[in-house]
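Protein sequences appear in the order of chains A and B. Residue numbering for the first sequence follows the working numbering, beginning at 1 and increasing consecutively. Residue numbering for the second sequence follows the working numbering, beginning at 336 and increasing consecutively.
Among the hints, a few may not be true.
Computed footprint of chain B on chain A, listed as stretches where at least three residues anywhere in the stretch have a Cβ under 8 Å from a Cβ of chain B [what the hints assert, rightly or not]:
{"hint": "1", "region": "21 to 30"}
{"hint": "2", "region": "209 to 219"}
{"hint": "3", "region": "249 to 260"}
{"hint": "4", "region": "285 to 299"}
{"hint": "5", "region": "307 to 316"}
Label-pair distances were calculated between CB atoms; the ranges are [to be verified]:
{"hint": "6", "chain 1": "A", "residue 1": "R298", "chain 2": "B", "residue 2": "D371", "range": "20 to 30 Å"}
{"hint": "7", "chain 1": "A", "residue 1": "H180", "chain 2": "B", "residue 2": "N430", "range": "23 to 33 Å"}
{"hint": "8", "chain 1": "A", "residue 1": "S243", "chain 2": "B", "residue 2": "A533", "range": "19 to 29 Å"}
{"hint": "9", "chain 1": "B", "residue 1": "P610", "chain 2": "A", "residue 2": "H180", "range": "46 to 56 Å"}
Read the hints as simulated data drawn from the structure, not as lab findings. The beta-carbon is built from N, C-alpha and C at its ideal position, and this holds for glycine as well.
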Amino acid sequence: MSTTSDSSPARRAGLAEHLLGRLGSALLLLWMVVTVTFLLIHLAPGDPLSVLSPERFSPEHRERLARSLGLDRSLGEQYLVWLGNFLRGDWGTSFSLSRPVLSVITEALPATILLAFAATVIEYAVAIPVGVAAARRRGRWADRLLRFCGLALYSTPVFWLALMAILVFAYWWPLFPASHRASVGAEDLGWGARLLDQLHHLALPALVLGVASAGGTARFVRNRMIEVLAEDYIRLARAKGLSERRVVWRHGFRNALVPLVQLLGLSLPMLLNGTLVVEVVFSWPGLGQRIYQGILARDYPLILGTTVFSGALVILGNLLADFAHAAVDPRVRRG
Amino acid sequence: MAESGRSPWRSASGFGAFALVVAGLAAPLLAPHDPDRQFDPAGGQYRPPGTRLARVELADGRTLLADRVTRTASGEIRVERLGRSEELPPAQVTNATADGVGDHERFWLGTDGFSRDLLSRLLHGARVSLLVAFLAVGLSLSLGLSVGGLAALAPRPLAGGLTRLIDGFLAFPYLFLVIALAALFRPSTLLVALILGATGWMTIARLFRAELLGLAERDFVLAVRALGASPARLFFHHLLPNALSPVLVQTTLLVSQVILVEASLSFLGLGVQPPTSSWGNMIAEGRDVLTTAWWVSAFPGLALVLTAVAFNHLGDDLRDRLDPRAG
């Protein structure tokens, strides 16, 4: 994929410059995201004021908002005001919660990060062994079965999988709680019991999201491993008489790991999409749940703020993946 | 993939995708019931799959769905409905027979909260989902080919800018962008297709650009250039046909992706709006009654999985046939 084209300028320019370039394009992207949001508000039916303040706001409040957005000024000036407000962290006020959007988002963020992290751990814990096993049994029935399961998972809408998981594992066979992050009254428990309670609530949403994403990732691991296992250094390792386990994991898998780190960055948008619907189904109090409440209440500042924020999150994630890539791939590191 | 050979299952995916499209188009012919008909909102509500109910036509024009209808010794019609039994004079029932009523309705996949037939709604929903998907993918394809083509062949500053643009959109959490768009512009079925089309073109653009750049370095392109072919001829006769097969594969995969995103959007209440039924909003309708009437959400979801599997598998199949290097 983009591995070669990404690393070739690095070879010429050196690592620091490469990473600075990445940082630069990340900032450019962020600016694009903010600008697109501004354009969206102006393209939407009705004037920006009707988008950014609900009818029940008092006339004085609306006037104050109009002034702070500079709606009486030219489009260019409005844009600069928007950008300025944005940089200062003034992302508007949520209609439905009557609180600054940014504080609503930062409050919801830890829950989303926890869910996304747990799901990613599960995803890779499933995908790596399965993908490697399939690659070793290439073309045999186990490979085909795993391939088909991967395809089916990849083709399953996550929100529906979440509903079915609740049906089966919370009602028919009540192993897990169906929703929320903690039980009612959990605050009174000791910290150990509280932690267990939270893990119990986290398990089902994280499993659903992790397993759903594992389908595509396992397939990626399989294809990479097949390429790697065909390399000459694997034949050499075998010829040296190393154990099969050592050949596959130390000599094979470590070389398949590099694009996997990049995949982690690239799959971040998918992961956030997944947390969104899973949070809605499980009433998990994160960003997705907030944006859903925003949709129901037609709370545009909240919806737009969450969109921009998740865009920023993805851009940051990709930047981190680039840094991680530089750390694991000596070709990038040495420049 | 060479190792899988040409098993019948592989071509089955192409057939499956085709059959789904046909089922969607022919929904009015295949559907056993009118998808919007509310037979008897009280008596036929949330009936499990396979339920067969007697249909009682009343003289005042109403229809009742009853578990059992018999004649009493005195000739009255006994209707067992909603756990009660009620006796009606024969004059009130227009379709009475010697031992009750002769008309029955079978609901193979059960009914929803308005006693509508789930199977019929599912078939008609296929139409909506596929229509939205094809419109959106058509738009994505034309956008992707234009932007990708320009990003590969245009003069430097423009090409560089477009490449950045593609990467920028690709880095965006797609669903959030679609949600923001759908929330700001009141959704209609057509608009949903437009939004999905306008946000799904990046993978195609990126792929097409990479293919074109790869081809541009090949000897045969150099030869065609040396022979003095015009840029238009070079593009339409030599570059486009060679770059198209991976694009075709990606397009097939995009169909299933768009179907799934449309479903998510409709599930969140931002996509296709009731009373138009799409699989996504049918699942949403079933969410509140998940524990008592699981079939309302389960079957539309299964239909989604089947459709997405068919198109994804078709895409894989095409890739294996068109590109011997992939594996």
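Cβ separation of B/P610 and A/H180, checked against the hinted range 46 to 56 Å: 32 Å Cβ-Cβ, so the 46 to 56 Å window is violated.
Within 8 Å of chain B (C-beta), three or more residues of the region 21 to 30 of chain A: That given contact holds, which follows from 3 residues of the region 21 to 30 of chain A lying within Cβ reach (below 8 Å) of chain B.
Residues of the region 249 to 260 of chain A with Cβ under 8 Å from chain B, three needed, outcome: Answer violated; 0 residues pass the 8 Å Cβ test.
Residues of the region 285 to 299 of chain A with Cβ under 8 Å from chain B, three needed, outcome: holds (count 6)
Chain B covers the region 209 to 219 of chain A, three or more CB atoms within 8 Å, holds or violated: violated (count 0)
Outcome for the supplied range 20 to 30 Å, where the beta carbon pair is A/R298 and B/D371: holds (28 Å)
Range agreement (Cβ of B/N430 with Cβ of A/H180, hint 23 to 33 Å): violated (51 Å)
Range agreement (Cβ of B/A533 with Cβ of A/S243, hint 19 to 29 Å): violated (53 Å)
Whether chain B covers the region 307 to 316 of chain A (at least 3 residues having a Cβ closer than 8 Å to its Cβ atoms): holds (count 6)
Checked against the numbered hints listed earlier, the structure breaks hints 2, 3, 7, 8, 9; every other hint is satisfied.
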